[in-house]
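> Grab the two chains, each in its own frame, and use the hints to assemble them into the complex.
Going down the list, the protein sequences come from chains S and Y. When we follow the numbering used here, the leftmost residue of the first sequence carries the number 1, and every step to the right adds one. When we follow the numbering used here, the leftmost residue of the second sequence carries the number 1001, and every step to the right adds one.
Check each hint, because a few of them may be wrong.
As the list claims (entries may be wrong) - Quick list of the computed label-pair ranges, beta carbon to beta carbon:
#, chain 1, residue 1, chain 2, residue 2, range
1, S, Thr176, Y, Thr1418, 42 to 52 Å
2, Y, Gly1211, S, Pro22, 51 to 61 Å
3, S, Ala221, Y, Leu1354, 49 to 59 Å
4, Y, Ser1052, S, Lys49, 50 to 60 Å
5, Y, Gln1056, S, Ala221, 34 to 44 Å
6, S, Pro192, Y, Lys1410, 32 to 42 Å
7, S, Gly154, Y, Asp1437, 47 to 57 Å
8, Y, Leu1443, S, Thr176, 36 to 46 Å
9, Y, Gln1056, S, Gly137, 23 to 33 Å
10, S, Gly154, Y, Leu1293, 37 to 47 Å
What the hints contain is simulated information worked out from the structure, not anything from laboratory work. Just so it is clear, the structure is predicted and the values come from calculations on it, not from any experiment. Beta carbons are placed, not taken as given, at the ideal position from N, Cα and C, and that holds for glycine.
Listed below are the residues making up each chain.
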Amino acid sequence: MDDLLTKLLEAVEFGKVDKKSPYPPQLRDMDGAHELTINAIESGIKPQKILEEALIPAMARVGKKFAECKIFVPQMLMSARAMGASMFQLKPFFASGAIKTKGTFIVGTVKGDLHDIGKNLVSMMVEGGGWSIVDLGVDVGSDRFVEALKSNPGAVVGLSALLTTTMVNMGEIVSTIREYAPETKILIGGAPVTAEFCQNIGADFYAPDPQKAVEYMNKLAS
Amino acid sequence: MKFKSLIIDDPKKLMFGIAPKPVKTRRGLIIGGGQVYSELNFTLPMMSINQSTLEQVFAHYREIAEGALEHAVHMNSKGVVLEFETLLEMTKTPSIGVEIVRIMNEICESYFQKYGLVSEIRLTPNDLREFERPAHQRSSSHLEPMFELFEQGMIAGGDLLSIESTGGKEVSDEALMMCDVKGMVFALAVLGVRDMQFLWRKIVALANKHGKIAAGDSACGFANTAMVLAEKKYIPKVFATIVRVISVVRSIVAMEEGAVGPDKDCGYEGPFLKAITGIPISMEGKTAACAHLSPLGNIASACADLWSNESVQNIKLLSGMAPVAYLEQLEYDVRLMNAALHAGHAHAHILQQLLVASDVYTDPQALILSPENVIRISRELVKGDSYIANAKNGALAALDIIEEALHSGKMMLAEMETNYIPILREDLNSIPDNESDFIAMMLPLLDESKFTLSEYGL
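One chain only, chain Y, in its complex shape (with noise of 0.2 Å):
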């Protein structure tokens, strides 16, 4: 791994607003720069996408794009990003998903000329690969429209570049139902690792021939689907809380690779990337109880930059259309931060500190979030020599959190619970630092008929 260090090293420096390395957008966002701002993501109602609907789903994302920011107008903001993940068939088709994009870029610079409103769009294409079984990750034809999206969204005014790729995927979805931490260290560690190096290589130099921002990639397909799962009671939420910290070294190679930030909003290891490597990060919260529920309502906003709903339909509600309404409730948070930051660190420190406190002990996965934590693990996340290495030290830092946290009575887990973190405990003992001692370790417990190796350089 390539950073060794952190950026910040000291929890108050770990902010909502401030990032040490913060961008600055073409309508002139400074993301990271003091302070926060609203990321609204949305999405259609329930509907097909087909030839003959395309007029109605351009309507829509107009009408998003128009009603937020009419609203952000109304509201006084500062500044709004909207998020445009594609559907399937936008990326598939990669003019729907062009066309998307004009269509709200045409409205951001209407707003910007009429009002000075400054909103930028993160155009995040969806990892189309994940429809091959095994996944051809290198040789694809799926590459091709899913960098024709990023590349024509560009000029059609898309200036953060997002994804949330898939690789490794293949190996993470039955790794996480049986609690396989090996098999999730294998996932994300080695073919997460090695997918992004080869996808966000190409994805900055995109950015960078057309003067755009690569932003960042989220392991939304594995942590969160984790934290989902534990939500349902699925998996034990330990388990989910050990996924989370292990992402970080995947998700870290896109900022390796050259992106800058911000990273995106369902990437809850943005914290611990933060600190790592100073780049701002979009999260999300009690905003997103419309897309999923999570136990990080609060604290996930403690060093956010961005604050973001994940998503939401375009349906009406009683005040107004659900895009609108969340608007709205990400302005209110975004400005009672900047409130806060606008009156001096010691006041926005307080607000940090209660809006960690109102959740840190509820859940391990909200324990990991806080700024102690965050820089505790992330300390552990970069002092060995190879990613295994990274993501094993990370989430024994954790695991040892959790049981401090148990047995000084602050947090209190079902027996259920706890009966995992001896098992997680040894399991990750048992992972070896090196790359190919463990590549050799895992494959006789893997279906290889599930992934093809030499897909990821291997």
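Here chain S stands alone, though its shape is the one from the complex (with noise of 0.2 Å):
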């Protein structure tokens, strides 16, 4: 691999974000994300393969150390700004269709719910995925998720609820969604969900950790 890719990869893999950043101690002074990523494509690298070959493997790696318990979270929110940093210089070239992701993941909290710490982590790896985000934040009604999917045909939608007074508004939602789009796949999560209740609602996948949701959302990829 290109050497630049492979400093660039370790930039996102340890979140560092650009030069100045002081995290992590063992990439001071060092070239971030935010300076690894104009050189390359600056250098003639293609934007797909920064994507596929530095941006994508660098937060699978950060997932599967999150996955077996290596890193926490900070440190994985560290690698999504990294990656962050690096999105931003190739946001143009997504703009002009020079890269393509795998797809848009559209994501919120369920009406009457306002937890959303499960569903940032969620929103977040699968973005590191390389996936194109749709975030709709908290108290999400059925008929904002069929509004999104409007402006998103094709997109996949991933509904999170912390309580048991709230998951029961995932049926509704998943009802209303099917009538819009009978295709769309649903993917479900949060503590009090289990994979029968996804099952009775007629949802796709419960994904039990961020990790399982990246999985799932990958295997639709491919």
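So this is what it looks like as structure tokens:
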């Protein structure tokens, strides 16, 4: 692999956003994702290659380490920030069609529920897996999911809930989405949610943790 | 901070069932007056709450209260607190919450009249302001239904008033995920403190107006979120431990404004509040595994005055309905504690030592809850001139205690945990004691679109 891409992969894996960033200590004073991405573009490396050979594999490594309890969320978030710095430089190439993501993921915490930590983690991991994210936030009803689907046809939808009295709202949202676009893939997650509940409400996949959500999404894209 | 010294300065006097300032309730519970009582908390099974399900909702709460109190009589219970922590719809439409209080209070009264069983209701409306982002802590229209529920709920029979208020959560959610200790001090010791002052002044005034008990607030949305995230291995346990200590300066504001306890069950900062202010506290531990896992199962009860289960759904288990089953577990725990208290201080002390010893070195979050460490940290929590200084001093003392336990070989932590100790210490030491200086330091580091300073009186 190109040396620049190897360095970029390492910068994202260890969360080095830019040269002035003090984190991680072992990469202090070295170029971060920001500088390395600019260098890679200027040296003629194709943006799609930057995405596929540096950024996505870096986040896959991060996801694996997190799933194996070898790092905590802050390290993962620093990696996501480093990836964000890189993606910022790649933005014009997404707009021009020079880079394609794996698809769009519409995600939200369902109506009546304000808990978003789990939803945010899933969103970050899926983005790191090469998907575009439409984050609808918290307390989201079926109408807003359908509106987002109208703007992003073919998107995968993710629903999150933490309460036993709000998880029931997932059923209504799934039904409404199915009425509008029956083929939509819908995954659900949250503390009280189970695989059985997922099946009962007609959703496609229950993700017990962020990594499982990414694995499912990647299968859809392959 | 108004409290400058500890009411309980001797770890041996930080005991379950005994508080220097016991609280007497309407029907005669004396919480902290020499025995521990059960506090049962419960919620609905999976269901929607709307106009068409209201009768079912009411039936669930009726079934819970009747089932629990019937079993309490059967078990010769000395008294029970039923905590009614409202769900969103019950606060948005206060009449729903008030009707549930009325139903349960009627049942409490009938068991009091019929069997002499003393029970009370703790009314805990949820903080609706969380629904607005950025939150309008002081100008939100959500305050109206929240306070209507407080007032009408009191009149309907809610005797102990609590809330899990959320001032500062706009900042803390991200700070938790980033292990940003400065962000947590800002969320809790600046925003949280200011919101608590605003909210608890009102709650205490209402309680005094109706002769009810302003009990206390829990930093559940901050420190318990940290604990649960640490249980999932999302953030380090040492960070969750520090967050717990920092949360004390925020939760103690309720007492500064006139709350008298019992502090809320999910506030594991309770032992520090008890040491500093002398109020009785409710705690939860192994009996709360129905709601969340924790590393504090036994040690949490070491100085509890009410012993709680956090929350359990009203679903059928093999033995019966879940709240009844949990009432039984709580009652057996409090029976044991009360038998020890009845046998004298030496016996109570031995039981407390066993409760502590069985957990203390298994997790830093348990470590800081041993009576010796609670007193040591509490001394640091009151010695400074500002909430910020006290939060910082308490957190640094907790880090010292963790490092001592590691160096002595009594506690083991993975390297990925211990790596955070010097980072947290450095971050804490960089915090100035003065609020204005700290705010000036933090504002450039925070996303100001996420909170409104004027809503905190700043």
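> Work down the list of hints and note, for each, if the structure agrees.
Do the hints match the structure? See the list:
Here the CB-CB span from Thr176(S) to Thr1418(Y) is close to 49 Å, well matched to the stated 42 to 52 Å. A beta carbon spacing of about 57 Å between Gly1211(Y) and Pro22(S) agrees with the range 51 to 61 Å that was offered as a hint. About 55 Å separates the C-beta atoms of Ala221(S) and Leu1354(Y), a value consistent with the hinted range of 49 to 59 Å. A beta carbon spacing of about 57 Å between Ser1052(Y) and Lys49(S) agrees with the range 50 to 60 Å that was offered as a hint.
Taken as a hint, the range 34 to 44 Å holds for the pair Gln1056(Y) and Ala221(S), whose Cβ atoms sit roughly 43 Å apart. For Pro192(S) paired with Lys1410(Y), a C-beta distance near 37 Å keeps the hint of 32 to 42 Å intact. Between Gly154(S) and Asp1437(Y) the beta carbon distance is about 52 Å. The supplied range of 47 to 57 Å therefore holds. The hinted window of 36 to 46 Å between Leu1443(Y) and Thr176(S) holds, with their beta carbons roughly 42 Å apart.
Here the CB-CB span from Gln1056(Y) to Gly137(S) is close to 30 Å, well matched to the stated 23 to 33 Å. In this structure the supplied range 37 to 47 Å holds for Gly154(S) paired with Leu1293(Y), their Cβ-Cβ distance being about 39 Å.
Violated hints are absent here; each numbered hint is respected by the structure.
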